[in-house]
Every structure is written in structure tokens, then in C-alpha cells.
Amino acid sequence: MQAIATILREMEGAVKDPGGAVRAFKQETGREVIGCLPIYVPEEIIYAGGMLPIGVWGGQTNIVQSGTYLPSFACSIMRAIMEFAMRGVYNDLSAVVCPMHCDTLKCIGENWKVGISEVPCFCLVYPQNRKNPSGISYLTTEFEHLRKKLESLSGRTITDEAINQAIVIYNEHRKTIREFTRVARDYPLTITAQKRHMVIKSGFFMDKAKHTLLVKSLISELKALPAEKSSGIKVILTGIMAEPDSFLELFNQYNLVVVGDDLAHESRQFRTDVPAGGTPLERLARRWAEVQGCSLAYDPEKRRSNMLIDMVRETGADGVIVTMMKFCEPDEFDYPILKKEFEKANIPHLYIELEQQADSAEQLRTRIQGFAEMMSTR
Amino acid sequence: MSEKMTSKQMLQKLLDDHYAGALAAKERGELIAWSTSIAPQEFCETMGIYTVYPENHAAAIGAKKGSPELIEVSEFQGYSIDICSYARVNMGYLEIQESVAGKIPLPDLLICCNNICNTVIKWYENIACELDIPLIMFDMPFNYDYEVNDHSVEYIKGQFQEAIHQLEQITGRSFDYNRFREVMEISSEAARWWKKAMALAQAVPSPMNGFDIFNYMALIVCMRGKQESIDLFKLVAQECEAKLAQGQGPWKDRPEEYRIMWDGIACWTALSTTYKFLKNQGINMVGSTYPDSWSIIYDSHDLDGMARAYSSNFVNRNLDFRVDNICQIVNDFKVDGIIYHCNRSCKPQDFCQYEVQRQVGDRTGVPSVMFDGDQTDPRAFSQAQFETRIQALVEMMKTRKQQQGIGVK
Numbered sequence: 187m188q189a190i191a192t193i194l195r196e197m198e199g200a201v202k203d204p205g206g207a208v209r210a211f212k213q214e215t216g217r218e219v220i221g222c223l224p225i226y227v228p229e230e231i232i233y234a235g236g237m238l239p240i241g242v243w244g245g246q247t248n249i250v251q252s253g254t255y256l257p258s259f260a261c262s263i264m265r266a267i268m269e270f271a272m273r274g275v276y277n278d279l280s281a282v283v284c285p286m287h288c289d290t291l292k293c294i295g296e297n298w299k300v301g302i303s304e305v306p307c308f309c310l311v312y313p314q315n316r317k318n319p320s321g322i323s324y325l326t327t328e329f330e331h332l333r334k335k336l337e338s339l340s341g342r343t344i345t346d347e348a349i350n351q352a353i354v355i356y357n358e359h360r361k362t363i364r365e366f367t368r369v370a371r372d373y374p375l376t377i378t379a380q381k382r383h384m385v386i387k388s389g390f391f392m393d394k395a396k397h398t399l400l401v402k403s404l405i406s407e408l409k410a411l412p413a414e415k416s417s418g419i420k421v422i423l424t425g426i427m428a429e430p431d432s433f434l435e436l437f438n439q440y441n442l443v444v445v446g447d448d449l450a451h452e453s454r455q456f457r458t459d460v461p462a463g464g465t466p467l468e469r470l471a472r473r474w475a476e477v478q479g480c481s482l483a484y485d486p487e488k489r490r491s492n493m494l495i496d497m498v499r500e501t502g503a504d505g506v507i508v509t510m511m512k513f514c515e516p517d518e519f520d521y522p523i524l525k526k527e528f529e530k531a532n533i534p535h536l537y538i539e540l541e542q543q544a545d546s547a548e549q550l551r552t553r554i555q556g557f558a559e560m561m562s563t564r
Numbered sequence: 270m271s272e273k274m275t276s277k278q279m280l281q282k283l284l285d286d287h288y289a290g291a292l293a294a295k296e297r298g299e300l301i302a303w304s305t306s307i308a309p310q311e312f313c314e315t316m317g318i319y320t321v322y323p324e325n326h327a328a329a330i331g332a333k334k335g336s337p338e339l340i341e342v343s344e345f346q347g348y349s350i351d352i353c354s355y356a357r358v359n360m361g362y363l364e365i366q367e368s369v370a371g372k373i374p375l376p377d378l379l380i381c382c383n384n385i386c387n388t389v390i391k392w393y394e395n396i397a398c399e400l401d402i403p404l405i406m407f408d409m410p411f412n413y414d415y416e417v418n419d420h421s422v423e424y425i426k427g428q429f430q431e432a433i434h435q436l437e438q439i440t441g442r443s444f445d446y447n448r449f450r451e452v453m454e455i456s457s458e459a460a461r462w463w464k465k466a467m468a469l470a471q472a473v474p475s476p477m478n479g480f481d482i483f484n485y486m487a488l489i490v491c492m493r494g495k496q497e498s499i500d501l502f503k504l505v506a507q508e509c510e511a512k513l514a515q516g517q518g519p520w521k522d523r524p525e526e527y528r529i530m531w532d533g534i535a536c537w538t539a540l541s542t543t544y545k546f547l548k549n550q551g552i553n554m555v556g557s558t559y560p561d562s563w564s565i566i567y568d569s570h571d572l573d574g575m576a577r578a579y580s581s582n583f584v585n586r587n588l589d590f591r592v593d594n595i596c597q598i599v600n601d602f603k604v605d606g607i608i609y610h611c612n613r614s615c616k617p618q619d620f621c622q623y624e625v626q627r628q629v630g631d632r633t634g635v636p637s638v639m640f641d642g643d644q645t646d647p648r649a650f651s652q653a654q655f656e657t658r659i660q661a662l663v664e665m666m667k668t669r670k671q672q673q674g675i676g677v678k
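Chains A and B, in that order, are what the protein sequence lines are.
The first sequence maps to residues 187 to 564 in the working numbering.
The second sequence maps to residues 270 to 678 in the working numbering.
I should point out that these hints are in silico values taken from the structure, not numbers from a laboratory.
A quick note: this is a predicted structure, and the numbers were derived from the prediction, not measured.
Treat the hints loosely; a few may be bogus.
[What the hints assert, rightly or not] Calculated lysine to aspartate or glutamate pairs in the EDC-like style (CA-CA distance at most 20 Å, straight line):
#1 B/464 x B/500
#2 A/526 x B/500
#3 A/415 x A/504
#4 A/525 x B/399
#5 A/335 x B/401
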């Protein structure tokens with residue numbers, strides 16, 4: 187238990203002070219830190235250049251300045267990112283990468299270029315016809331352009347060999363986190379919903395090789411313990427992210443256990459490996475072709491609902507919580523289909539709207555409490 | 270078609286025929302496509318597939334005050350109030366298949382092009398899933414660089430080929446490349462006449478009454494590949510030229526005092542009240558960012574050009590382009606002021622609009638106001654706020670004209 191506590195503390199340190207992690211990396215190596223906006227930035231290219239890619243997913247703050255660029259009905263993650271950027275919070279970053287998956291991210295990239303002169307913004311567009319050979323070739327070129335921008339920023343060459351090595355490290359990281367999420371199901375008292383989230387999130391602010399080692403030792407420490415019994419209500423989370431923190435805090439109180447997730451901020455990062463074969467940039471482009479069940483990846487068959495239903499069956503979950511990041515249109519469009527399919531499959535679900543800045547803990551509490559009561563009487 | 274028809278009568282007849290024709294085609298068992306408003310219509314036109322446009326339909330429903338009941342249906346299905354209201358109107362229509370603006374037949378296939386927004390990808394995915402029908406996706410990558418880059422063009426052409434292949438499979442017929450070339454020629458010709466007709470509003474006073482542009486837009490959306498649209502825009506141009514020759518302005522009962530540009534789509538649900546309020550102040554809308562979206566002009570032998578033209582829609586372009594584009598309109602149309610419609614439904618436009626407004630103001634010195642509204646959800650629009658903002662704009666325009674030594678009443 188002591189060892190587990192130590193590992194979790196180290197992870198918590200990274201989550202609580204990403205700025206510290208950035209400065210420490212720069213001091214130790216003298217190299218660049220690159221911010222990666224949501225979602226699917228090919229971090230391997232950055233890593234291969236000896237730089238540290240870190241996640242930029244907003245956070246809880248007061249929106250004061252970013253209102254000069256974004257109206258109040260913009261996604262709260264993006265409003266927070268713009269706010270932090272304008273306040274200089276990201277000034278230790280050498281650049282950010284903005285993948286323009288949705289209409290809001292397109293505008294963030296554009297406003298950034300105008301408003302944030304201290305930190306350059308490298309934009310990327312991902313093809314929707316991502317399985318089509320012309321789509322893969324398009325994305326490979328986008329990644330090639332990103333590589334060139336990173337090379338000229340750092341003054342170092344990023345070789346194919348280095349990217350292939352980074353892919354090995356990243357695939358190993360993905361595999362390890364997947365294993366962690368499976369093992370964590372047996373330890374719901376030690377790895378609470380908040381801790382599960384924190385373990386995964388800490389990977390955004392650490393060298394992935396280092397994070398893999400930490401998670402591996404956490405897994406082996408956990409496995410040395412007997413499995414924990416819990417009477418909790420088992421849920422799957424789906425959506426963009428499970429923040430603000432006040433949200434998962436309620437899970438302990440109302441005895442909800444997370445047995446799996448389909449969050450952009452969590453599982454979507456690591457459930458698809460980079461496939462083998464071809465140049466490293468093609469491999470990264472083909473990873474995008476293999477992504478499934480994500481509201482940002484074109485899918486006229488809308489397989490996300492089936493994936494979630496399968497996940498419920500595999501994990502023995504009691505229900506699904508749809509964590510709707512308010513104003514996220516791609517995710518909002520998926521909801522009516524999810525709702526219909528869950529109802530058809532007789533899977534209870536809770537639709538809950540989240541906003542990073544909203545201090546709506548009481549409202550969340552009412553919803554979670556209601557859901558927990560409903561589930562316990564089933 | 271009678272030669273005595275005015276352009277407005279002709280427009281109405283063509284639209285009536287368009288919708289009636291679609292219903293008749295469905296009755297005959299022909300394939301019906303639903304398409305986004307600026308998708309490459311050339312492929313379905315070549316294949317002779319009757320195509321209808323849910324955005325047009327939603328706008329017409331909004332203008333006839335029928336959107337709230339359809340929006341209610343889709344919101345009940347779980348569509349968030351924050352989703353584009355065209356989509357909410359259309360998903361509601363899909364459920365009840367009745368509307369105040371008449372019926373459109375349900376589709377057998379879908380054509381989606383995201384050169385207007387990524388909203389349409391999700392919207393059309395949902396229709397495809399609900400009806401279990403094929404969806405042909407034309408993905409036009411957002412141009413974060415100023416121009417459309419070469420690898421985008423290659424990717425878009427790859428999709429053209431894929432679309433042809435999909436259409437051949439769906440119809441069981443082969444694609445007629447000669448007919449394709451003809452359609453390409455007609456489409457570019459229609460776009461040229463559209464552009465020419467709209468440019469006649471550059472005259473002072475403008476022969477065109479601004480909201481006319483919004484009405485004619487219906488046809489450039491749904492009949493761009495047909496000879497009839499060329500005929501209509503030629504007639505519009507003739508009528509405007511005749512008015513110009515007689516020195517006639519937009520209205521018989523009052524002069525054009527202020528010329529404005531309108532950024533964004535109309536508030537269809539408040540079309541007449543917003544129009545009347547502007548007219549009462551002598552304000553004529555002479556330019557808009559929208560109409561140029563359909564100036565899709567390319568050489569019929571040039572697929573690269575076609576790919577570039579479709580990807581070049583202003584909302585698919587970066588902020589620098591958008592600013593240049595509006596400054597150009599201000600200049601060409603001799604605009605006194607700008608009205609920015611912060612359209613709750615249109616995120617790709619809204620989320621750059623504040624910065625666009627600042628930069629255009631700095632570059633041109635032309636005053637502007639922004640109001641909150643929505644294309645088809647009346648809940649997001651307030652006539653009172655609209656009027657207050659317009660009054661403020663009139664004050665600014667008046668002051669500026671006085672400073673420039675131009676007399677105003």
C-alpha cells in the first residue's frame with residue numbers, strides 16, 4: 187500500500203502542477219515543450235524530436251479575457267485554453283499544436299495566430315474520409331508539414347527512425363494504460379473514480395516512457411493485493427472528459443465505480459495503437475483511419491453506440507453516464523442515437539452536462555444522487 | 270416559361286416546380302438525394318438524381334414560422350438546444366414529415382460537404398444512420414493557410430473519384446463524362462450570372478433591395494447545375510440594369526440612405542420585421558458575405574479548379590482571408606456600415622467574428638454593430654436588441670457621413 191501511495195502521489199504532483207513539469211523538463215534538457223490541444227495530436231513526432239509533448243485541455247478558471255474572442259456559447263475547454271493563453275500561462279511552451287477537428291478548434295487556431303504572439307500555433311486538419319487512400323496520403327502530408335515546423339523550431343532533424351522508436355514507446359504506453367484500466371476494476375476502493383482519472387491524466391504531463399514504468403509498477407503493486415469487493419454501481423463514462431473535479435468527487439459519495447470509459451480525454455487516447463507497415467508518418471495517419479466510435483471521427487454507421495453496449499456487456503456495467511461537455515456539437519449530435527440505442531438495449535443512462543468553469547456542484551450532486559437512487563432500486 | 274414573368278415570379282415558380290418535381294420523382298420510384306447547400310451538385314446532376322436541400326427547406330420553414338414545432342420534436346429526441354437550428358428543424362421534419370413550407374421526399378442517398386461547417390458531417394451521419402442509406406462525404410479540409418493547398422486539392426479529387434464510384438454502385442449505371450462536362454459548364458455559367466447579378470448592387474443607389482439576395486439564394490443553392498438558374502439570374506440582371514438606366518434605387522417609396530453589409534445568414538423567422546426596421550431607417554443591404562459562397566467558377570476541363578473552387582468558400586478559409594473578403598465587399602459595394610449577425614447556430618462563423626469585426630473596423634474605418642440571433646430558432650433572437658443595435662449603427666453612420674461632408678437628412 188505504501189508503494190501505491192507513493193506512485194499515486196507522484197502522479198498527483200504532475201497533474202496538480204503541469205507548469206512545474208514543463209519547467210523541470212526545460213531545465214534538465216534545455217529542450218522544447220510542445221502543448222497538444224485536444225485530440226489525437228501525433229505526439230510521436232514531437233517526442234522523436236527530443237521535445238516533451240504535454241496535453242492542453244483547459245481547466246477551471248474565471249473567464250475574463252477570452253470573451254474578446256469567443257462568445258459565452260463556445261465550448262468551455264476552448265474558452266479556458268484561450269483564457270490561459272491570453273494570461274501567459276502557456277508562455278513556457280515553445281509551440282502548441284491545434285488539430286482542427288471541430289468548428290470551434292478551427293476558430294481557436296485562427297484566433298491563436300492573431301492573439302497569442304508569444305507561442306506559435308501549428309495547425310493540423312484531419313481528413314474525414316480517413317480510410318480512403320487519398321485521405322491517408324493527405325494526412326501524411328499534414329504530418330510531414332508538422333515535422334518540418336518542429337524541425338525548424340528546434341533546429342534538430344526528426345528522423346524516420348526516431349519516429350518509429352517513439353511509436354514503440356507510445357504503443358507500449360497505450361497497452362500499459364489499457365491494462366491499468368482492466369486491473370483497476372478489481373480494486374475499486376484503492377483506485378477510486380478520481381484516482382483512475384488522475385492516473386490516466388498524469389500521462390499528459392510526463393515523458394511517456396517514464397509514465398509507462400510508473401503505471402507498470404502500480405499495476406504490479408495492485409496485483410499483489412487481493413481483489414476488493416465493492417457493492418458500488420458500475421458505470422461506463424462516455425463523452426469528452428470527466429471534469430471539473432467536483433464531478434468525480436461525487437462518485438465516492440454515491441458509491442459509483444467507473445469500470446470503463448469512452449472519454450476523449452482518457453480511453454480514446456490509448457485504445458487505438460499505431461499500426462505497423464509503411465513510413466512512420468503513414469503509420470500515424472493510418473492510426474486515425476483505425477479510430478472508431480469517436481464523435482470527431484467520421485462514421486456514418488454510428489458504431490459508438492454498439493461499442494458502448496458491448497463495453498457494458500463485457501464489463502458487467504450497470505449503466506452509462508454521458509458526460510456532455512456543454513456546447514460540444516459533435517458529441518451533442520451523437521447523443522440522440524446513443525439514447526435510442528441504450529433504451530432499445532435496456533441499458534440505463536444518465537445524461538449530464540458539464541462545463542469546466544461552472545461551479546454547479548450542487549446541480550451535479552442532485553443528478554448523480556438521483557441516478558444512484560434509481561440504480562439501487564433496479 | 271412566359272417572357273412577361275418578373276424575376277420574383279420566376280423564382281417562385283422554379284422553386285414550386287423544384288419541390289413538386291422532387292415529390293413526383295419519389296412517386297415514380299426515382300432516387301432522391303438530400304444535399305448540403307454548397308456541395309458539388311455536379312455529380313448527382315450528371316446522374317440525373319433529383320436533389321433537395323434541407324437547409325433551403327429549413328430556411329423556408331423558418332420564414333413561414335413553422336420552425337418551433339419541428340425544433341420541439343428534435344429536442345424531444347435528445348437534440349441539444351445548442352445544436353444548429355437547421356439541423357434541429359430537419360431532424361424534426363424527418364420524424365413527422367410535415368411542414369408549413371410543404372413536404373420534401375425522404376432521401377435514398379445523402380451528399381454532404383463540410384466546406385460550410387463540420388456540423389453537417391454529424392447531422393448527415395445521423396440521417397444516414399436513422400434511414401440506413403448511403404452517405405457520400407465530400408471532405409474539404411479547413412484552409413488554415415491563406416490559399417487552398419495542393420495536397421487538399423489532391424485529396425478532394427480523390428474523393429470526386431470515390432463519389433463517382435459510389436454513385437455508379439448506388440444507381441447501377443455508369444457515369445457519363447460528357448454529360449458531366451456539360452453540367453460543369455452550366456454550373457460555372459450559372460455562378461457567373463449569379464455573381465454578375467449580385468454585383469449590380471454596387472451601383473449607388475443600388476437597384477436591388479438587399480433582402481432580395483437572400484430570396485434569390487434559394488435558387489443558386491438548389492438549381493446551380495440547371496439552365497433555369499442561368500435564365501433567372503440573367504433576368505435579375507436585366508431588371509436591375511433597367512432600373513439602373515432609370516436611376517431607380519431599391520424602393521419606390523423612399524431613397525437609399527445607408528448602404529450596409531450583412532455578415533451571416535438572415536434571421537428567417539424575423540425576416541420581415543428586420544427588413545422593415547432597416548427600410549424605415551433608409552438602410553439597404555447591398556452586400557453580404559454569403560452570396561459569394563456560390564460563385565463557384567472553374568473551367569469545365571479543370572478538376573483541380575473545381576476542387577479549389579468548392580474548398581474556397583469563405584467560412585472554410587482562414588481569418589486573414591475572411592477579413593480581406595469583407596474589406597473587399599466594403600470597398601466594392603461602397604458600404605457605410607456593417608451588421609454582424611452573431612448567429613447562434615453557426616459556430617464556425619461566430620467564433621472568429623469578434624476578431625474579424627475588429628480587424629475590418631481597423632482597416633476600413635466603417636462602423637459596425639453585432640446582434641445576437643439565429644437562422645431558424647426564434648428563441649435566440651430579440652427584435653428589441655436588434656433595433657437598439659441598428660439605431661446605434663445609424664448614429665455612427667450619420668456622424669461619419671457628416672465628418673466626411675456628406676449631407677444626410
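Taking the hints in turn, this is what the structure says about them:
Using a Cα cut-off of 20 Å, the hinted pair residue 464 of chain B and residue 500 of chain B holds, with the two alpha carbons roughly 14 Å apart. Between residue 526 of chain A and residue 500 of chain B, the direct Cα distance comes to roughly 47 Å. Violation of the 20 Å bound is thereby established for this hinted pair. Annotation: proposed proximity of residue 415 of chain A to residue 504 of chain A holds, straight-line Cα distance about 16 Å (limit 20 Å). This hinted pair checks out: residue 525 of chain A and residue 399 of chain B have alpha carbons roughly 13 Å apart, not beyond 20 Å.
For the given pair, residue 335 of chain A sits about 43 Å from residue 401 of chain B by alpha-carbon distance, which is inconsistent with the 20 Å threshold.
When held up to the earlier numbered hints, the structure conflicts with 2 and 5 and fits the remainder.
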